[in-house]
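Student: Sequence:
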Amino acid sequence: MPRNAKVHIANTLFCSAMMVSGCSFAQGSTPTLSTQQVNEDIREFTELLKQRYAYLDKKNVHQASFDACLQKQVSQIKTVNALSGHLNHCFEFFYDQHSEIRPRPRDYYLPMPTALTMWAEVKSETAVITSIPHNGYAFRVGFRAGMTIEKINGKAVFDAIKAANVSGQQNAQTWVLNRLLTGTRNQTMTVTVKWQGQLQTLTIDTKQVVDEIIKEKPILTSEWIGDIAYIRPENSLGNNALIPAFDEALAKYKEASALILDLRNTPSGGNSDVARGIMSRFISERFPYQEHELVAVEREFGVKRRWQEFVYPRGDKTFTKPLVVLSNRWTGSMGEGMTIGLHGMQRATVIGTPMAQLLGAISGHTLTHSQLNVVIPVEKLFHINGTPREAFLPDIVIDHVDNIENEDLALKAGLRHLSKLASKTN
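Numbers -26 to -1, 1 to 400, taken from mature numbering (1 follows the signal peptide of the UniProt record, and there is no 0), label the letters of the sequence shown in order.
Just so you know, these hints were derived from the structure itself, not from any lab. Treat the hints with caution; some may be incorrect.
Said to hold, decoys possible - No farther apart than 35 angstroms at their CA atoms in a straight line, the calculated lysine-lysine pairs in the DSBU-like style are these:
(1) Lys97 with Lys32
(2) Lys291 with Lys398
(3) Lys291 with Lys394
(4) Lys129 with Lys46
(5) Lys181 with Lys278
(6) Lys125 with Lys97
(7) Lys168 with Lys46
(8) Lys168 with Lys33
(9) Lys181 with Lys136
(10) Lys168 with Lys125
(11) Lys278 with Lys295
(12) Lys386 with Lys168
(13) Lys386 with Lys295
(14) Lys228 with Lys191
(15) Lys394 with Lys189
(16) Lys136 with Lys33
(17) Lys189 with Lys129
(18) Lys398 with Lys226
(19) Lys228 with Lys394
(20) Lys398 with Lys228
(21) Lys33 with Lys125
(22) Lys386 with Lys181
(23) Lys291 with Lys226
(24) Lys46 with Lys24
(25) Lys125 with Lys32
(26) Lys398 with Lys386
(27) Lys97 with Lys52
(28) Lys97 with Lys168
(29) Lys129 with Lys181
(30) Lys226 with Lys189
(31) Lys168 with Lys295
Stated by the list, open to error - DEER-style ranges, computed between Cβ atoms:
(32) Asp41 with Lys168: 38 to 44 angstroms
(33) Leu30 with Gly116: 19 to 25 angstroms
(34) Glu259 with Arg114: 43 to 49 angstroms
(35) Gln161 with Glu190: 30 to 36 angstroms
(36) Glu186 with Val277: 43 to 49 angstroms
(37) Gly116 with Glu272: 46 to 52 angstroms
(38) Asn160 with Lys398: 49 to 55 angstroms
(39) Ala42 with Asn127: 24 to 30 angstroms
(40) Ser397 with Gln25: 52 to 58 angstroms
Just so you know, even glycine gets a beta-carbon here, dropped at the ideal spot from N, CA and C.
Throw the hints in and build the complete structure from the sequences for me.
Tutor: Written out as structure tokens, the structure reads:
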């Protein structure tokens, strides 16, 4: 593949695939809108959410406050860029990182989890870093799982969360915290943390983060670990070229005693063709891998519509040896679908942390006047055992807190698990 084609794919994944998405407006002016056009697009937006947003029952949005946000200073919105910023801001009432209005303003938050360098949680009145990608950006600049966050950009962390929590809901605090830690384009962000009784202030340069995301990299990486094969898609589940690349890798490791499929770098999600193409190599008969529920049908007609999606075997040789899937907070969207799919087909043991918990299957709707693309989950998704995808937990949950050296604990656990399986069969 030519180098410029690889760079194009990397940028496409950053700008188009959901959650890496939201390529922002180019610098300069954007088309103008009349106040009537703005109001009509806002009405179209609110009707779309009422009819098709799949998780209204989970979000408990205060409708009057949401409507008031949408109507605030409408007369001052004169451009498509300004309307995008306004709608994205009010959409934070839903605290949903799988939804957005595209394109986003250049000064708006970067997509999460793709540009998120660490995962933090609000726990018992503290903000704690609970997960950092192995050898990722955050680790390299000094962050460690287990640190408590005291300040963000000089502001006490809970003051910062309160100021940025558009919905005001306590349930949104962890989401808001991670949104703040993701930051905006070309931002130099300071984070004051407490670690082993000492305070220190560390810096996140979001330009460096974005440059790292979009730099040229292989579509997947793989290696032998003893007699076990290890394959890791590199945020490429939206690239159809991954299907033949995965086939080639699997052929290389056909004599492996087991395989570890590392889905911890799939924050941008992908498409179901690629996902089914990979899962199809691990089964010898048809299996369901996830359930869908289209809520708009029940809202309009009172008739539930729910169905299973299937994977069919593919290729000359099925990989039948033991399979481990590694997950983390950067296992996103289609990566989550693959994880619950291989688990539901009883084909894999899942090891790691909870996933990105991106809600549902997304679809876009273009607003009439602004031509902004509203991307929202329109279908709920479930493990075939009925568990909501966002509630799925690994078979073996890894706790990264106090993992001072940032060891790859999930990989180690996967190797231990496969070693135990091998000892039982010998």
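Student: Please go over all the hints and tell whether each is borne out by the structure.
Tutor: Each hint tested on the structure:
no., hint, result
1, Lys97 with Lys32, "holds, 21 angstroms"
2, Lys291 with Lys398, "holds, 25 angstroms"
3, Lys291 with Lys394, "holds, 26 angstroms"
4, Lys129 with Lys46, "holds, 27 angstroms"
5, Lys181 with Lys278, "violated, 46 angstroms"
6, Lys125 with Lys97, "holds, 16 angstroms"
7, Lys168 with Lys46, "violated, 39 angstroms"
8, Lys168 with Lys33, "holds, 32 angstroms"
9, Lys181 with Lys136, "holds, 26 angstroms"
10, Lys168 with Lys125, "holds, 10 angstroms"
11, Lys278 with Lys295, "violated, 39 angstroms"
12, Lys386 with Lys168, "holds, 28 angstroms"
13, Lys386 with Lys295, "holds, 19 angstroms"
14, Lys228 with Lys191, "holds, 25 angstroms"
15, Lys394 with Lys189, "violated, 39 angstroms"
16, Lys136 with Lys33, "holds, 18 angstroms"
17, Lys189 with Lys129, "holds, 32 angstroms"
18, Lys398 with Lys226, "holds, 26 angstroms"
19, Lys228 with Lys394, "holds, 21 angstroms"
20, Lys398 with Lys228, "holds, 22 angstroms"
21, Lys33 with Lys125, "holds, 28 angstroms"
22, Lys386 with Lys181, "holds, 32 angstroms"
23, Lys291 with Lys226, "holds, 12 angstroms"
24, Lys46 with Lys24, "holds, 20 angstroms"
25, Lys125 with Lys32, "holds, 30 angstroms"
26, Lys398 with Lys386, "holds, 19 angstroms"
27, Lys97 with Lys52, "violated, 41 angstroms"
28, Lys97 with Lys168, "holds, 15 angstroms"
29, Lys129 with Lys181, "holds, 22 angstroms"
30, Lys226 with Lys189, "holds, 27 angstroms"
31, Lys168 with Lys295, "violated, 45 angstroms"
32, Asp41 with Lys168: 38 to 44 angstroms, "holds, 41 angstroms"
33, Leu30 with Gly116: 19 to 25 angstroms, "violated, 41 angstroms"
34, Glu259 with Arg114: 43 to 49 angstroms, "holds, 45 angstroms"
35, Gln161 with Glu190: 30 to 36 angstroms, "violated, 24 angstroms"
36, Glu186 with Val277: 43 to 49 angstroms, "holds, 47 angstroms"
37, Gly116 with Glu272: 46 to 52 angstroms, "holds, 49 angstroms"
38, Asn160 with Lys398: 49 to 55 angstroms, "holds, 54 angstroms"
39, Ala42 with Asn127: 24 to 30 angstroms, "holds, 28 angstroms"
40, Ser397 with Gln25: 52 to 58 angstroms, "holds, 55 angstroms"
Figure legend: structure checked against the earlier numbered hints; hints not met, in rising order: 5, 7, 11, 15, 27, 31, 33 and 35.
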